[in-house]
Amino acid sequence: MKSFRVTEFNGPLQEVDQPTPQPVGTQVLIKVKAAGVCHSDLHIWEGGYDLGHGRKPLSLKDRGVTLPLTMGHETVGEIVAFGPEVKAGDKGDLKVGDVVLVYPWLGCGKCETCLAGDENMCVVKPNALGVYCDGGYADHMIVPNPKYLLNLRGLDPVTAAPYACSGVTTYSALKKVEFAFSTPIVIFGAGGLGLMALSLLKAMGGKGAIVVDIDARKREAAEAAGALATVDGKAPDALAQLGKKADGPIRAVIDLVGNAATTQLGFDCLTKGGKLVIVGLFGGGAPWALPLIPIKAITIQGSYVGNLRETAELLDLVHSKRVAPIPVTPMPLARANETLVDLQKGKLLGRAVLTP
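Residue numbers (our numbering): 11 to 366.
Please note that a few of the clues may not be correct.
Below, simulated PhoX-like cross-link-like pairs (lysine-lysine); rule was C-alpha separation at most 25 Å, straight line [stated by the list, open to error]: (1) Lys157 <-> Lys185; (2) Lys186 <-> Lys306; (3) Lys285 <-> Lys186; (4) Lys41 <-> Lys12; (5) Lys135 <-> Lys66; (6) Lys255 <-> Lys244; (7) Lys254 <-> Lys244; (8) Lys120 <-> Lys217; (9) Lys41 <-> Lys157; (10) Lys66 <-> Lys355; (11) Lys331 <-> Lys217; (12) Lys331 <-> Lys212; (13) Lys306 <-> Lys255; (14) Lys97 <-> Lys71; (15) Lys212 <-> Lys105; (16) Lys217 <-> Lys285; (17) Lys135 <-> Lys71; (18) Lys101 <-> Lys41; (19) Lys41 <-> Lys105; (20) Lys66 <-> Lys120; (21) Lys186 <-> Lys71; (22) Lys212 <-> Lys186; (23) Lys254 <-> Lys282; (24) Lys101 <-> Lys120; (25) Lys244 <-> Lys355; (26) Lys282 <-> Lys255; (27) Lys254 <-> Lys306; (28) Lys217 <-> Lys306; (29) Lys217 <-> Lys254; (30) Lys285 <-> Lys254; (31) Lys71 <-> Lys355.
The calculated label-pair distances, taken between Cβ atoms and stated as ranges, are [claimed, not checked]: (32) Pro342 <-> Arg319: 30 to 36 Å; (33) Gln274 <-> Gly356: 18 to 24 Å; (34) Lys254 <-> Asp326: 35 to 41 Å; (35) Glu88 <-> Gly35: 32 to 38 Å; (36) Asn161 <-> Pro337: 20 to 26 Å; (37) Gln274 <-> Pro29: 49 to 55 Å; (38) Ser330 <-> Gly21: 16 to 22 Å; (39) Gly127 <-> Ala245: 22 to 28 Å; (40) Lys254 <-> Gly102: 49 to 55 Å.
The hints are simulated quantities; they were obtained by calculation from the structure and are not laboratory data.
The beta-carbon is built from N, C-alpha and C at its ideal position, and this holds for glycine as well.
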């Protein structure tokens, strides 16, 4: 089995050759067909998050991320073998040879949160694949249980891989602002998540979105993907532009960037009773004047990926509404390191997907 692993934070990925693992217990072995390269992978690679205000960066090592690690949490693969403890009823409609999306946001599986179906929110022992356990930057991958495998039912593996993160992340965030779907919402960030959000918003019945990004190429991509309008976040009159282009009160903002500048502009553009949902992890400190939160009755909510149920709902939506995939750039697995660097430098449009 060939994999590309983080062996030191901020160091180049190392190519590793080792025997292909065999599934034990309830595990499933898949042959990887596609693995998305996500901005979250950059934070894992770099080893932490900027908390702003002069605080010490949030260390992933301190949060239990250990090296060496094979990243990759947006994975599609072909089922090769089931472990000996997988019973027929555990497989559902799955069989060897099926092409499946891997749900990666695993928890301990035993706490009250996990048993309620929200493993992505587990604080007892997070076990996210590609974060705490080895993921899809490899030609094979072990998945702990078949319940985390979702049959793609004919969807293209390369364009479907991002549904495991950018897809379910934006779907879950959009569900939090459904109350505002009759009016334009504002989305910060026109990368892979932003383009995904535009496709899903349309499929979910929303009126549409005004997209904010500082990169002209990405604003053009957002317009091509159906944005109602775009705004340069660095423009001195960006706030006025948002108000004019919305042509009415802005009730909801989804911030897929998550830095001090975007959250400030997102907060400022909201009307009374509006909602700011923060998804992005670029980092920094909260910029708002605290009295304005109660004065404007603003809701500020974080949104962290999504649960298994939402991922299944997402795939059903993709099938029923024939949601157009976001632009993807297939890259050979051997170019994993180069792809990460390109993402870090902001050179990629849409999503890069590694293909073994």
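Broken hints, by number = 8, 14, 15, 20, 21, 35, 38, 39
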